[in-house]
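**Q** Letter by letter, the chains look like this.
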Amino acid sequence: MSGPTAPNRREPHGDGPRARARILARVTRAAALRDRLPHPGRLDTPVPPDPVATFVNRFTSQGGEVATPDPDRAPRDWLTTFLGELGAGIATIALGADVPPGLQPRLPGAAPAHADAGISMAWGAVAETGSLILPSTGTRAVQLLPPLHVVWIPADRVFARLEDALLEMVPTLPGSVGLHSGPSKSADIGQTVVTGVHGPGRCIAVVH
Amino acid sequence: MKVALFVTCLADHYFADAAVDAVRLLRHLGCEVTFPDAQTCCGQPAYNAGMSREAARMAHHTIDTFADCEAVVLPSGSCATMVKKFYPRIAADDRAVQAAALADKTFELGEFIVRRLGVTRLGDGLAGRRVAVHQGCHALRELRLEREPAVLLEGAGAEVVPWEAQDECCGFGGLFSVKMSAVSAAMADRKLDTLPRVDWVVSGDGGCMLHLDGRSGARGCGVEFVHLATALWRGVDGHPD
Amino acid sequence: MATRISDYAARSRDAIRDQPQVRTAVTGATVAFDEKRRRAYGEVDADAWRRWAEAVKNHLLTHLDDYLAEAEARLEANGAQVHWARDADEAREIVLGLASRLSVRSVVKGKSMLTEEVELNPALERAGIEVIETDLGEYILQLLDEPPSHIVGPAIHKKLEQVQELFADRLGTDPGGDPDELARAARGVLRDAFINADMGITGGNFLVAETGTVALIENEGNIRLTTSLPRVHVALVGIEKLLPRMSDLAGFLQLTTRAATGQPIGCFVSLVQGPAAHPGDDGPEEVHVVLVDNGRTDVLLHENAWEALRCVRCGACLNICPVYRQTGGHAYGWVYSGPIGSVLDPGLLGLHEAMPLPFASSLCGACFDACPVRIPIPELLLAWREEAQQEGLTPWKERTALSALAAAATRPPLYRLAGKLGTRVGATRAARSLPMLRDWSRDRDPPRPSPRTFRDLWRKGIK
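Protein chains in written order, with this note's numbering: chain Y, 892 to 1099; chain W, 2 to 242; chain V, 31 to 493.
One or more hints might be untrue.
[Said to hold, decoys possible] Each pair of labels, with its calculated beta carbon distance range:
1) Y:916 to V:450: 56 to 62 Å
2) V:78 to Y:944: 21 to 27 Å
3) Y:1083 to V:78: 32 to 38 Å
4) Y:925 to W:121: 42 to 48 Å
5) V:103 to Y:1084: 39 to 45 Å
By construction, these hints were calculated from the structure, which means they are not laboratory data. Ideal Cβ positions, reconstructed from N, Cα and C, are used throughout, including at glycine.
Make the full structure from the sequences, and use the hints.
**A** Listed below in structure tokens is the structure:
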């Protein structure tokens, strides 16, 4: 497919061993030119005293929204009402694979590409950066395609620092993890910020 | 205190009056000023062009010329940086000690007055003057003279007006202004276009002034550039015109 | 590699004269970026963060052999496939080979300077594959058939009116459409592209050796989609982009974004370990990571330039650079522009090919203050200049003049005479027509020498 001069060629890995050996040999040769310098250890970033408050503050300052469920109602009922009252015409939803029944709003389902809202479970959140941590096991299309993304996040899963959260994830990392720190944004047209460019234009974290 | 003036090429030939004002100012502040006759170029043009061997020859000459002086003062931030910061990098190994010693006792004019003499009040000869300060990049980012010129000008009664592009390079850069003249001139335009309404633009670097003044003249901006030494002397002297 | 670097001086002059709107747009955008960067640095102990990041990258670069092997092993354990490309040809062949084997007809791309560097898009298109850039800025440039002009904001040289005109013509939007409307139109086109694409191609901001994690930072969500919806994801990663450990990534994600756009972190960060392997994961069936050298080991082998490999491509040095601000990136003639380009391009391409970029700087030093990994760009520029002089890559007249200055400067009487003559002759009309001074005096009024030198005044006595 790469034209008439390509019969030579190797499988995708084709020249792998030779290229690999050559690159590594040159890297090793370069390492011999200078001292091997030590790792400086971990970067101490400040620990926010109240992670949940800091998360809410950072996440909202990045354009995200935060909602707190009514403790007197069942979570799925509260969310059903909440979505209705948003005035965003939410008629259908797409559910992440790991959203337990008790957190699923009572609304008709739709494919992620057509749903009005996606409902996800966060693995955790980060106060320091105002980020939701969304593992790929929760269905990526749900996290990305609908114009509104609603994310459940248990209050006791809000980590103070990004490093704390990432280190805890290391033993069980899935194929992919998304850190979502607000709605999709761009300033590529005339340096004006617009939201909802590719991903959700609204992202609501429900801390419960 | 005995102070040797390292006048620098541009001040010798293009800002001779400013160098004279520097002498008067230093004398006024109680210094005895000498002028070692063997002084030549600090070597910065060669150094910036990537000819450090040639620059080192000039550095060695300068090191010898000022070896016995108590303090060396330059009316130029970039030449002062050459001596203070770059001589130790390029001096031959057998001159390293002398290069470091010269670096320690060398000062840009404003730096000398504020940091070495501890003087910030010069009189009120500049009362009523609105000035903007153009800091040469070496003075600003290598010598970290972030406040010194403004402190002295205010100490002489002037009002120092903030300038949007104050910390930006004017585009001189020596050889750069010759090799990349159009970009260099555009950089000057950015400075001139953001300049607030002032009586003078004051700078401690002759190179920047030649370039900015030349560009201002070519565009008919009518801005008056005054060397820091002259501005401060007028501040003391009380005859700002 | 085809570059247009050598005529930088002429093209920068043309750009400033003929495209004043580029200068206005670029200056406006970069000044705004830099203000945000300053504010974001001010919120943390930026000095300590930068020193830490410098040390991590120095450790990485002096142990790169170990970490490359570790990253490869981890990625393979995660189910990803690793490829090694010595140069641009190999990088393209690897991707084309994959596309062929996997019957790929359509590709969506996330913004990647490395794919620009290895000229991947034209190769894919020649093979009959549809390639769609999905970053909004890159999409605009793809429609215009222009390369990116900035590492982070590829289309910052374009004003709103130009995008309005382009989208009206190509997407049928209202000629006066506001950015929201224009973005919506692009979203519609690109959404279909994501859903129909067989392969997503991205770069990689970092590759964590400890976990085999390709980390990608963005704001739009297009990279998250590119790495999630198509059945194949290919990430091209420069070998210098590694980080030792996950804990390092936590610092680098934050520092890079603060340096780039002033945000605490990008709106979306993708951490890709491998293909979908768990129930509920609707991600790609295959993930391929192509480790690309393409000149990087040359830079690593260079005595001074290796420090430039710490670069995290944040663009902070471009934003603060008064030279870059006058022209934008296109004048530089290759993928990496601005201060970092001027020290990296000579290493990646060879100094001869990258001339005169080491001289495209006034050495003002602002870039070093902004750089999150403290690359000593002014010192590296001087090192390249030194090499250029030694290899005779500069005009001989310049070298001769500076040698003569050095010779005179060690002979005070000769220097005094030459200085006087030079100044007086330099002020004449004839001198202004000398090739070296012609441009200077075309752009500026000539300097006026003092009537008497200071030396003469001193001899006369100063009152």
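**Q** Take the hints in turn and mark each one as holding or not.
**A** Now the hints, each set against the structure:
Between residue 916 of chain Y and residue 450 of chain V the C-beta distance comes to about 59 Å, which sits within the given range of 56 to 62 Å. At roughly 25 Å, the beta-carbon separation of residue 78 of chain V and residue 944 of chain Y lies within the given 21 to 27 Å, and the hint holds. A hinted range of 32 to 38 Å holds for the C-beta pair residue 1083 of chain Y and residue 78 of chain V, which are about 35 Å apart. Separation of residue 925 of chain Y from residue 121 of chain W is about 46 Å and conforms to the stated range, judged on CB atoms against 42 to 48 Å.
Distance hint check for residue 103 of chain V and residue 1084 of chain Y: the Cβ-Cβ separation is about 42 Å, which falls inside the suggested range of 39 to 45 Å.
Taken one by one, the earlier hints all hold for this structure without exception.
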